[in-house]
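Participant: Letter by letter, the chains look like this.
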Amino acid sequence: DVKVTQSSRYLVKRTGEKVFLECVQDMDHENMFWYRQDPGLGLRLIYFSYDVKMKEKGDIPEGYSVSREKKERFSLILESASTNQTSMYLCASRGQGNTDTQYFGPGTRLTVL
Amino acid sequence: SQKIEQNSEALNIQEGKTATLTCNYTNYSPAYLQWYRQDPGRGPVFLLLIRENEKEKRKERLKVTFDTTLKQSLFHITASQPADSATYLCALSYSSASKIIFGSGTRLSIRP
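Line by line, the protein sequences are chains A and B. Taking this note's numbering, the leading residue of the first sequence gets 1, the next gets one more, and so forth. Taking this note's numbering, the leading residue of the second sequence gets 1001, the next gets one more, and so forth.
Don't take every hint at face value.
Here are the computed lysine-lysine pairs in the DSS-like style, where the Cα-Cα straight-line distance is at most 27 angstroms [what the hints assert, rightly or not]:
(1) A/K3 / B/K1017
(2) A/K53 / A/K3
(3) A/K57 / B/K1099
(4) A/K57 / B/K1003
(5) B/K1099 / A/K3
(6) B/K1017 / B/K1099
(7) B/K1099 / A/K70
(8) B/K1017 / B/K1057
(9) B/K1099 / A/K71
(10) B/K1099 / A/K53
(11) A/K55 / B/K1099
(12) A/K55 / B/K1003
(13) A/K71 / A/K53
(14) A/K55 / A/K71
It should be emphasised that the hints constitute simulated quantities derived from the structure, not laboratory data. The model shown is predicted, which means the values in this text are computed figures rather than measured ones.
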């Protein structure tokens, strides 16, 4: 059974803290993605990676960075968390084929106080 | 840039009826169109994919159509059940791109 796991389901941080969200997939997928999801705004792509050490900005990269040192792991970093980064964060992975399904993790609900 | 519109934020229908959700897009047609289901507090789960040269795809009680002239996909759930209540997302993918573009979703509620 395919799996995408995220390090935390719920996280509470303070403004200004550095936050790491980890994502691991066990499907040997090349592509990995980080989204945030807010009511009424849908899924918005923050960053994605199509290979180890490769990354591309999505639609809303400001305030975030990413790291992909190993194929199975894709990390999202909030360098200095702010209250407007309170959101649900979803990681996903997908194979190389254009018809490949995108598999999502369970999500991390981050609250920044 | 490409925009996706899902017909309404919420749809309420009676159990047993057919639910029909709409996904419209602007600009150029995608190579593939996908539908996902998302339950509260969980990540989306893939349901169906349809290619641009396919008019219709079925899977059990689900049916998806794809009209590149109208730039529209319809997602049908026949004989709907309360367990079908969820948010449904449509997503577009293009043969030359790694990323998929998601709509904001339609929240479907099936009342007994």
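Participant: Each hint needs a verdict: does it hold in this structure or not?
Facilitator: Now the hints, each set against the structure:
1. The straight-line distance between the Cα atoms of A/K3 and B/K1017 is roughly 34 angstroms, outside the 27 angstroms bound, and the hint therefore fails.
2. Between A/K53 and A/K3, the direct Cα distance comes to roughly 22 angstroms. Compliance with the 27 angstroms bound is thereby established for this hinted pair.
3. Distance check on the hinted pair: A/K57 and B/K1099 sit about 11 angstroms apart at the alpha-carbon level, within 27 angstroms; holds.
4. For the proposed pair A/K57 and B/K1003, the alpha carbon gap of about 18 angstroms is at most 27 angstroms, so the pair holds.
5. For the proposed pair B/K1099 and A/K3, the alpha carbon gap of about 19 angstroms is at most 27 angstroms, so the pair holds.
6. Distance hint between B/K1017 and B/K1099 is unfulfilled; the C-alpha atoms sit about 35 angstroms from each other, more than 27 angstroms.
7. Distance check on the hinted pair: B/K1099 and A/K70 sit about 20 angstroms apart at the alpha-carbon level, within 27 angstroms; holds.
8. Between B/K1017 and B/K1057 the alpha-carbon distance is near 20 angstroms, which keeps this suggested pair within the 27 angstroms criterion.
9. This hinted pair checks out: B/K1099 and A/K71 have alpha carbons roughly 17 angstroms apart, not beyond 27 angstroms.
10. Only pairs whose Cα atoms come within 27 angstroms are accepted, and B/K1099 paired with A/K53 is accepted, the gap being roughly 17 angstroms.
11. Between A/K55 and B/K1099 the alpha-carbon distance is near 12 angstroms, which keeps this suggested pair within the 27 angstroms criterion.
12. With a C-alpha separation of about 23 angstroms, the suggested pair A/K55 and B/K1003 falls inside the 27 angstroms cut-off, and the hint holds.
13. Under the criterion of a C-alpha separation no larger than 27 angstroms, the hint pairing A/K71 with A/K53 is consistent with the structure, at around 9 angstroms.
14. At most 27 angstroms may separate the alpha-carbon atoms for a hinted pair to count; A/K55 and A/K71 meet this at roughly 12 angstroms.
Of the numbered hints listed earlier, those contradicted by the structure are 1, 6.
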